[in-house]
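Student: Letter by letter, the chains look like this.
2 protein chains.
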Amino acid sequence: MTDKVVGILGVCGGQLGRMLAASASLLNVKVVILDVGTSAPAKQVLAPISTDLAHIDGSFADPEKIRELAGKVDVLTVEIEHVDVKTLEDVQGIIRNTPLAIHPSPFTIHTIQDKFRQKEHLLSQGSPVSHFLPVDSTEESVRAVAVQIGLPLMLKSRTLAYDGRGNFALRELSQIPEAISALGDRPLYAEKWVSFVKEIAVMVVRTIDGQVESYPAVETVHKDNICHLVFAPLRSRDATLAQRARAVAETAVKTFTGAGVFGVEMFLMDNGDLYINEIAPRPHNSGHYTIEACETSQYENHLRAILNLPLGSTALKVPSTVMLNLIGYSSSVEEITATTRVALTVPGASTHLYGKSECRKGRKMGHITVVADSDAQLRARLRPLLQSLPGSSADEVDRYAQAATTPGSGYSDPQPLVGIIMGSDSDLPVMLAAARILDRFRIPYELTIVSAHRTPDRLVEYARSASTRGLRTIIAGAGGAAHLPGMVAAMTALPVIGVPVKGSTLDGVDSLHSIVQMPRGIPVATVAINNSTNAGLLAVRILGAGIPSLFNAMDEYLKSLEGEVMGKVQTLEQVGWEKYEVKRT
Amino acid sequence: MTDKVVGILGVCGGQLGRMLAASASLLNVKVVILDVGTSAPAKQVLAPISTDLAHIDGSFADPEKIRELAGKVDVLTVEIEHVDVKTLEDVQGIIRNTPLAIHPSPFTIHTIQDKFRQKEHLLSQGSPVSHFLPVDSTEESVRAVAVQIGLPLMLKSRTLAYDGRGNFALRELSQIPEAISALGDRPLYAEKWVSFVKEIAVMVVRTIDGQVESYPAVETVHKDNICHLVFAPLRSRDATLAQRARAVAETAVKTFTGAGVFGVEMFLMDNGDLYINEIAPRPHNSGHYTIEACETSQYENHLRAILNLPLGSTALKVPSTVMLNLIGYSSSVEEITATTRVALTVPGASTHLYGKSECRKGRKMGHITVVADSDAQLRARLRPLLQSLPGSSADEVDRYAQAATTPGSGYSDPQPLVGIIMGSDSDLPVMLAAARILDRFRIPYELTIVSAHRTPDRLVEYARSASTRGLRTIIAGAGGAAHLPGMVAAMTALPVIGVPVKGSTLDGVDSLHSIVQMPRGIPVATVAINNSTNAGLLAVRILGAGIPSLFNAMDEYLKSLEGEVMGKVQTLEQVGWEKYEVKRT
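First to last, the sequence lines map onto chains A and B. All residue numbers for the first sequence refer to full-length UniProt numbering, where the first residue is 1 and numbers rise by one. All residue numbers for the second sequence refer to full-length UniProt numbering, where the first residue is 1 and numbers rise by one.
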């Protein structure tokens, strides 16, 4: 594939280097790892290629060791951005087969490793960031900044900050001394308090010549300031959100130099605005899910990018996925093991343990990725994993299992696959049969009233956001001049099933013709008058075209119909038709 | 997860041990590998756990080394069945934490490693095998057997045979001396010649207490007697085939002892019968695809089974997948590299190189797994990979790219997602518009005539086999007493779209009512009279509910409709309505 040798500057016992190394072994890419110890996680999964290319025992903070690594490799990449940029610049002149390439570039690392500098850079490039100001570690300076941007505000360490460490939420001026002492004597800056409604992340791959490709937008859920869950794809009532988040991330990554993947973390505000929180110039926790759920993992794409090989597809290959971090709860690994043993019983769950020698509270020991056919199936699979976490309460499990969902209105499941809507509550008796069918097949749905003529704005919002909320089919019932199914079909690319509801005149033929006789371009899948049972069954068939287990359930259902009728045949034979007639009435 | 230490008896430089080791590292399972050399493929991806648990440099044929391995581990498993059973039985008494477990059991290995003994065992257990007889390596004996089972026949070596080695196809009695000399002095047996139409394989996982779970049935395609391609899931016009193949495989694996995965290779005969060709008591080439395409890989399930952990789900998580073996073409690795470089440009392709130190003609150097949304997309992705293989001709590429497809009748794509059918050729002018829409969205389809009233048997066969041939939606058009859509819907669980075709009387209302007014239980998605354009579009929406790229294409289409009308608005404004009217006619 390539003769180039890749050097990984590993953080002490890091999982990113381990997963990068595992990816390299699939492509037979030669890798030399610099990390502390002989059995660091990355070294466990990639034995040294040769005596010449032995791994190096040392710290990423040791210039001598970095120089030693640089002398052995053609491409240098980092597992952490907190490396000494001067040393990187020094070694950049080293020539083996070709001049040493460093990805991401020292400029990018330099810009990103100081969060204040990172924000200044993004601001200067027109990327959206919340209001921030420089500040000294003095009460006076902090007080002055608080006046300017208001309280509460975040005091943040400019360097060496991650997983919430180095942040202080300043709510009152009286806390200033405490804040300064908590953050030590590191350089600081201040950020306006951002009351976000969601955290979103996008992994972006950048090629050596500056082309970018993004992975799907995801929702990240933090617990105690550490990434806890990552859901993909992002669900939202805002039909444009995912595309906007990818565009913001791609634009930002284009402003840096050097190749590889970048993790872009964003805040979503109540009004729909997005702010970039921070960018990591390397594989990122929010991209672990790509190993099982995407056509190419972030790790392989990082390697491809830094080796100047064609990038792989970033598309999801499953409908729904979640990543759960396994965070040390104590110094004992028992709690982690408890969860991984549960994971063995969860279909679609893949466990990744990082081979770290010691467990510590707050340490990332592994992760579990779960894939599923639908968001609802995903939550059902996630729930026992959350329950197994140490100290988890029922409330907490509910909160996290329901995180990243976008409930509709009315009678609803938080992760519906089918929307049942009707023009009026008078249609409800007819439409309930569709709901009963979906119940029977355990398909999550929402049921509500949307009137084309009386709530046209609601109609537009409902139809336009249906797909980004995760719906895959809509059943719409209406009577008379029945416009609802056709108008919904005009505003979504999802399949729409129309149920003509019989009114007091014309026997439902008016509704039937209003629904079925759609113009060329916009189809409505029409079923028989008042037959919402069949609308429910059709929704199951439509979903079953993409979900094999549902297809099989429908197949069973057809057999049960046959069995039912054959039962009646038998009764008729036994009882005789005269008595059977009497019995039926 | 477990404290047990697993020992892998590796074949020299084997890939199965490598993939098993990679799987073990994800679960932090401790593994000791016995294989020749210090940088055997498996040892590359799993550094020794500790000094006590160092890997062993030696051959799987060396009893001393096996004893050394057995002394270090709790569970012993094999990468190859050609191991010395006596040595295994000898070491079984070794006790470390618990008595040494050997999986598969020495009995299973003993039974399987001699193909004649394997066949006798299967026959005695009622599993389907073709006619076979013992034979001595003498002309006389072979001649006698040829009289009994007829020519041509296969003379096979009972032991150490794989990838077609150890087989001789005896077509004429005059070849007997040549056959005996070719097969050397190894023990032989004779098998009736099997003119199979397809080769099928099923991976089965067996737990320690004898429960079995099977993976989906796959079609294997061989080239020069070596596995070349594996397609999953199996497609067939025989709606029961995949289930029957899994049942045959599960039943056979139940008759063995010990835990782990088993690969069951079968022949499909013209009349639908299945014969077991052979069984491998270990991970198998026909199961490599499970790494990317199933919820749990065969490697992880092998580990789970032998460690007495719960088995993982064997379900496919993608609609269609193929595995291409990378076989050495010469002693140079250049040809392999050429194909892997092409793989980097193919979406959904994952490359696995085995890290073998030398390339040789016929040696398995790696494999590529491709996943896709549909069989047709899969074939399109596979084609450039086949073209990159050394010495591949256009004919050969066509043959292999079209392998494992099940063409329907009439105008057809070999991997259709949609079936367009009509009751009569007089419906064709109306139904062609649906085909045009599918062309526009590049959705493969088949188009043919199926008359409910005049070809009822064809109707049954068409509808019953639709899903196992890979169809996901059917569009059926009919006029008058239009029974076709409803009857098809009664015999398949796929969504069926009905197009009422207007006849010479009643303006098509007869067809509309015949199609839409289906009884409860069996829905038909009905579109407007003669509007097969909308039927095509509805099919796209239905497929798009499960295939994001098609959903996006439909979204674009809706925008283009809007653009079209807005263009007309502009023209109307510019030209004025009097002239516009004239212009239109």
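No lab work stands behind these hints, which were simulated from the structure alone. Warning: the hint list may mix true and false statements.
Note that identical chains are pooled: a pair holds if it fits in a single copy or bridges any two copies.
DSSO-like cross-link-like pairs, simulated, lysine-lysine; straight-line CA separation at most 30 Å [unchecked claim]: (1) K254 x K192; (2) K30 x K568; (3) K579 x K86; (4) K30 x K361; (5) K4 x K361; (6) K364 x K30; (7) K86 x K30; (8) K568 x K192; (9) K364 x K502; (10) K223 x K4.
Everything numeric in this text was worked out from a predicted model, so none of it was measured.
Student: Now tell me, hint by hint, if it's right for this structure.
Tutor: Comparing the hints with the structure gives:
Only within a single protomer do K254 and K192 lie at most 30 Å apart by alpha-carbon distance; the minimum there is 26 Å, versus 66 Å between protomers. Proximity of K30 to K568 under the C-alpha cut-off of 30 Å is found in neither arrangement, the shortest distances being 71 Å within a copy and 61 Å between copies. For the identical chains of this complex, K579 and K86 are neighbours neither inside a copy (97 Å) nor across copies (74 Å), given an alpha-carbon limit of 30 Å. In the homo-oligomer, the alpha carbons of K30 and K361 lie at most 30 Å apart only across protomers (24 Å), although the nearest pairing inside one protomer, at 34 Å, exceeds that limit.
Taking the shortest alpha-carbon separations for K4 and K361, only the inter-copy value of 26 Å comes in at or below 30 Å, while the best intra-copy value is 39 Å. In this homomeric assembly, K364 and K30 come within 30 Å of each other (Cα to Cα) both inside a single copy, at 27 Å, and across copies, at 20 Å. In the homo-oligomer, the alpha carbons of K86 and K30 lie at most 30 Å apart inside one protomer (26 Å), although the nearest pairing across protomers, at 40 Å, exceeds that limit. Taking identical chains as interchangeable, the C-alpha atoms of K568 and K192 are never at most 30 Å apart, the minima being 73 Å within one chain and 50 Å between chains.
In the homo-oligomer, the alpha carbons of K364 and K502 never lie at most 30 Å apart, since the shortest distance is 60 Å inside one protomer and 66 Å across protomers. Proximity of K223 and K4 under a CA criterion of 30 Å is satisfied in neither setting, with 40 Å inside one chain copy and 33 Å between copies.
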